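> Listed below are the residues making up each chain.
Protein chains: 2
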Amino acid sequence: MSFERLVKKIDEMRNPTVVGLDPKVEYVPEYIKKESYEKYGKTLAGAADAVLTFNKGLIDAIYDIVPAVKPQLAYYEMLGWEGVKVYSDTVKYAKSKGLYVIADGKRNDIGETMKAYSAAHIGKTVIDGEEVEAFGADALTVNGYLGSDGINPLVEACEKYDRGIFVLAKTSNKSSGELQDLLIGEEKVYEVMSKMCVEWGKSTIGASGYGAVGVVTGATYPEQLVELREKFPSLFFLVPGYGAQGAKAKDIAGAFDKNGRGAIVNSSRGIICAWKSSGADEKEYAESARASAIKMRDEIVSEINL
Amino acid sequence: MSFERLVKKIDEMRNPTVVGLDPKVEYVPEYIKKESYEKYGKTLAGAADAVLTFNKGLIDAIYDIVPAVKPQLAYYEMLGWEGVKVYSDTVKYAKSKGLYVIADGKRNDIGETMKAYSAAHIGKTVIDGEEVEAFGADALTVNGYLGSDGINPLVEACEKYDRGIFVLAKTSNKSSGELQDLLIGEEKVYEVMSKMCVEWGKSTIGASGYGAVGVVTGATYPEQLVELREKFPSLFFLVPGYGAQGAKAKDIAGAFDKNGRGAIVNSSRGIICAWKSSGADEKEYAESARASAIKMRDEIVSEINL
Chain A
1 MSFERLVKKI
11 DEMRNPTVVG
21 LDPKVEYVPE
31 YIKKESYEKY
41 GKTLAGAADA
51 VLTFNKGLID
61 AIYDIVPAVK
71 PQLAYYEMLG
81 WEGVKVYSDT
91 VKYAKSKGLY
101 VIADGKRNDI
111 GETMKAYSAA
121 HIGKTVIDGE
131 EVEAFGADAL
141 TVNGYLGSDG
151 INPLVEACEK
161 YDRGIFVLAK
171 TSNKSSGELQ
181 DLLIGEEKVY
191 EVMSKMCVEW
201 GKSTIGASGY
211 GAVGVVTGAT
221 YPEQLVELRE
231 KFPSLFFLVP
241 GYGAQGAKAK
251 DIAGAFDKNG
261 RGAIVNSSRG
271 IICAWKSSGA
281 DEKEYAESAR
291 ASAIKMRDEI
301 VSEINL
Chain B
1 MSFERLVKKI
11 DEMRNPTVVG
21 LDPKVEYVPE
31 YIKKESYEKY
41 GKTLAGAADA
51 VLTFNKGLID
61 AIYDIVPAVK
71 PQLAYYEMLG
81 WEGVKVYSDT
91 VKYAKSKGLY
101 VIADGKRNDI
111 GETMKAYSAA
121 HIGKTVIDGE
131 EVEAFGADAL
141 TVNGYLGSDG
151 INPLVEACEK
161 YDRGIFVLAK
171 TSNKSSGELQ
181 DLLIGEEKVY
191 EVMSKMCVEW
201 GKSTIGASGY
211 GAVGVVTGAT
221 YPEQLVELRE
231 KFPSLFFLVP
241 GYGAQGAKAK
251 DIAGAFDKNG
261 RGAIVNSSRG
271 IICAWKSSGA
281 DEKEYAESAR
291 ASAIKMRDEI
301 VSEINL
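Chains as they are written, first to last, in the numbering used here: chain A, 1 to 306; chain B, 1 to 306.
The shape of chain A in the complex, shown without the other chains (with noise of 0.2 Å):
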């Protein structure tokens, strides 16, 4: 009910890190790609078939060094339903491997509606007395705008079901100030947010001291990574904006407690094309994947006390 089974993977593997599989189809190689187009065309259904073989062949790479994968519902909607069945496809088979599945999907709504979008990702669905899983995650990003009616579903569904949910804070694109770093009297829009956050999860805090509800917010920000840190001490952090977006491993060691907990890393471009940068063969993008996970876990560590 809280966040105590990704702290404990983190723990396990010394690496406080996620791999954000957002497979774009231009990330795919053009081997993979060939042979699902011979199959079923330059179709939605030919590029899903390509990125699940190329998800699979991502988390074959890294299911041993990496604790959580994070995938994007957008690059998986972008493919219309054959691309939402390969979301579902690469939830289910990382979750074999032994991998904590944030579904980054920022849903939002209230009361009934919520509570499906919660059957939906983190919970079960009902058929007629029929209880089954749709899609199965271990935790989902939430974009908390419309209050208590949309977060307490979901609380609900984490306590019963043994789940997290990650709401939006300060995120790490250069419009976020817009609304976020707004000011609420004498605190920004994000701290108001935040505090919020504090408030939903308080019935669901685990023996780490974190609570199932936690925070997005981003590596590109490293003096509000800090400040939040210190001020809200039961809110387990997302935080992309790591590599691709221009962060680095010192700005974002602020956003961990002093065991070197409380918070995990996103790597999405850095880890999933790391062939194209480094001129590796297209052959070769497994094994580049993880040679960047490893460095990318490494770096981290380095600046930090886990």
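Keep in mind that the hints were calculated from the coordinates and are not lab data.
Treat the hints with care, since some could be wrong.
Below, in silico cross-link-like pairs of lysine to aspartate or glutamate (DMTMM-like), each with a Cα-Cα straight-line distance of 25 Å or less [said to hold, decoys possible]: (1) K276/B x D128/A; (2) K124/B x E38/A; (3) K39/A x E284/A; (4) K42/B x E284/A; (5) K276/B x D64/B; (6) K195/B x D162/B; (7) K174/A x E187/B.
Going by beta-carbon spacing under 7 Å, a handful of chain A positions derived as facing chain B [unchecked claim]: (8) L44; (9) E77; (10) M78; (11) S88; (12) I127; (13) Y145; (14) D149; (15) L168; (16) D181; (17) I205; (18) S234.
Taking CB as the label site, the calculated pair distances span [unchecked claim]: (19) K95/A x G246/B: 34 to 44 Å; (20) K283/A x K39/B: 36 to 46 Å; (21) D60/B x G209/A: 34 to 44 Å; (22) V126/B x E287/A: 51 to 61 Å; (23) K276/A x E303/B: 57 to 67 Å; (24) E131/B x K174/A: 42 to 52 Å; (25) D298/B x G209/A: 52 to 62 Å; (26) K248/A x K39/B: 36 to 46 Å; (27) I65/B x K8/A: 55 to 65 Å; (28) K174/A x E223/B: 34 to 44 Å; (29) R14/B x K34/A: 50 to 60 Å; (30) K8/A x D298/B: 41 to 51 Å; (31) D281/A x V126/B: 23 to 33 Å.
These numbers come from a predicted model, not from an experiment.
Every residue gets a Cβ at the ideal spot worked out from N, C-alpha and C, and that includes glycine.
Model the placement of chain B on the given structure of chain A, informed by the hints.
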């Protein structure tokens, strides 16, 4: 590149309402479910099949009197990829009947990822040079917490493919004020968000005076509807909360301009579950939905100057 297509359909039908297709399994009549369960079992596939039959019946019953439908993605995702396939089939079917389709997904992200959502829902996906349509709705609901980086990719698609977006401003739920009503200087968060929407949409104003970036503003807050209508004449409103959530026709009158334009009012359960509340035979679910949709139209049109 604005909401002109929607405005035209509303004018032609003299009906500023949209039917929310939020098909929870328990809303589907037993005789439909029985047939689907016989084919596929009480599974995600079985429930999804029943939902598609239900949706097609609803669409057949209302397409000649209602300008638009608004499928809520959560209810399809809760049935896994099989449900998302039915979402896709529902959009196609609705469009084949001439309905304007608003995808209620409240999507949000940044940069490349938002481009992927944009391609998925209102644009096109490019697969190695081939342009294909993933889900192909006419408009998408969006959460603007991440600022311009999350909106600009959608505005591009609106311009290129003649689509629209509705950004959450003041939502219909009880807890919407926890963040949305807080004061930033002398303005509430939802006003700040609405102002940003004006800015985002300013290059997309159509003949009716409305741009492609609208807002979601709940029927349950009538005073805010009046206030936002006066302050922001270029923002088209999507107004949820009518019917099941408690708002009446007179509550929403303030959302419309002096020509009875500028808003579309949603009802979901009030229409699609009408057969339950009216005590009709379940086989008359479609007729009940039609009767309910006509009642809603007449109630609202009687309060405005359309």
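> All hints are to be evaluated individually against the structure, with a verdict given for each.
Results for each hint:
1. Between K276/B and D128/A the alpha-carbon distance is near 17 Å, which keeps this suggested pair within the 25 Å criterion.
2. The hinted pair formed by K124/B and E38/A meets the criterion: a straight-line CA distance of about 22 Å does not exceed 25 Å.
3. For a cut-off of 25 Å, the pair hint linking K39/A to E284/A stands: about 23 Å separates their Cα positions.
4. Only pairs whose Cα atoms come within 25 Å are accepted, and K42/B paired with E284/A is rejected, the gap being roughly 43 Å.
5. About 23 Å separates the Cα atoms of K276/B and D64/B, which keeps this hinted pair within 25 Å; it holds.
6. Under the criterion of a C-alpha separation no larger than 25 Å, the hint pairing K195/B with D162/B is consistent with the structure, at around 22 Å.
7. The hinted pair formed by K174/A and E187/B meets the criterion: a straight-line CA distance of about 23 Å does not exceed 25 Å.
8. Satisfaction of the interface hint for L44/A is found here, the shortest Cβ-Cβ separation to chain B being roughly 6 Å, below the 7 Å cut-off.
9. A hinted interface residue such as E77/A counts as satisfied when its beta carbon comes closer than 7 Å to some beta carbon of chain B; here the least separation is about 4 Å, so the hint holds.
10. Using the Cβ-Cβ criterion of 7 Å, the hint placing M78/A at the interface with chain B is satisfied: the shortest such distance is roughly 4 Å.
11. Interface hint status for S88/A: upheld, as the beta-carbon distance to the closest one in chain B is roughly 5 Å, under 7 Å.
12. Contact between I127/A and chain B, as hinted, is supported at the beta carbon level, the nearest pair being about 5 Å apart and thus within 7 Å.
13. Because the smallest distance between the Cβ of Y145/A and any Cβ of chain B comes to about 5 Å, under 7 Å, the interface hint for this residue holds.
14. The interface hint given for D149/A holds, since its Cβ lies 4 Å from the closest Cβ of chain B, which is under the 7 Å cut-off.
15. For L168/A, the shortest C-beta to C-beta distance to chain B is roughly 6 Å, which falls under 7 Å, so the interface hint holds.
16. Taken as an interface hint, D181/A does not check out: its beta carbon lies about 10 Å from the nearest beta carbon of chain B, beyond 7 Å.
17. With 7 Å as the threshold, the beta carbon of I205/A stays out of range of chain B, its nearest partner Cβ sitting at about 21 Å, so the hint is violated.
18. For S234/A, the shortest C-beta to C-beta distance to chain B is roughly 19 Å, which exceeds 7 Å, and the interface hint is violated.
19. Taken as a hint, the range 34 to 44 Å holds for the pair K95/A and G246/B, whose Cβ atoms sit roughly 41 Å apart.
20. Distance hint check: the CB atoms of K283/A and K39/B are about 43 Å apart, consistent with the given range 36 to 46 Å.
21. Taken as a hint, the range 34 to 44 Å is violated for the pair D60/B and G209/A, whose Cβ atoms sit roughly 56 Å apart.
22. Checked against the hint of 51 to 61 Å, the pair V126/B and E287/A fails, with Cβ atoms roughly 28 Å apart.
23. Between K276/A and E303/B the beta carbons are some 59 Å apart, a value that agrees with the proposed interval 57 to 67 Å.
24. Against the hinted window of 42 to 52 Å, the Cβ-Cβ separation of E131/B and K174/A comes to about 29 Å, which falls outside the hint.
25. At about 58 Å, the beta-carbon gap between D298/B and G209/A stays in the expected band of 52 to 62 Å.
26. Between K248/A and K39/B the beta carbons are some 55 Å apart, a value that contradicts the proposed interval 36 to 46 Å.
27. I65/B and K8/A have their C-beta atoms about 57 Å apart, which keeps the hinted 55 to 65 Å range intact.
28. Checked against the hint of 34 to 44 Å, the C-beta distance between K174/A and E223/B comes to roughly 35 Å, which is consistent with it.
29. Roughly 54 Å separates the CB atoms of R14/B and K34/A, a value that falls within the hinted 50 to 60 Å.
30. Distance hint check: the CB atoms of K8/A and D298/B are about 60 Å apart, inconsistent with the given range 41 to 51 Å.
31. Look at D281/A against V126/B: about 25 Å separates their beta carbons, and that is inside 23 to 33 Å.
Comparing the model with each numbered hint stated earlier shows that hints 4, 16, 17, 18, 21, 22, 24, 26 and 30 do not hold.
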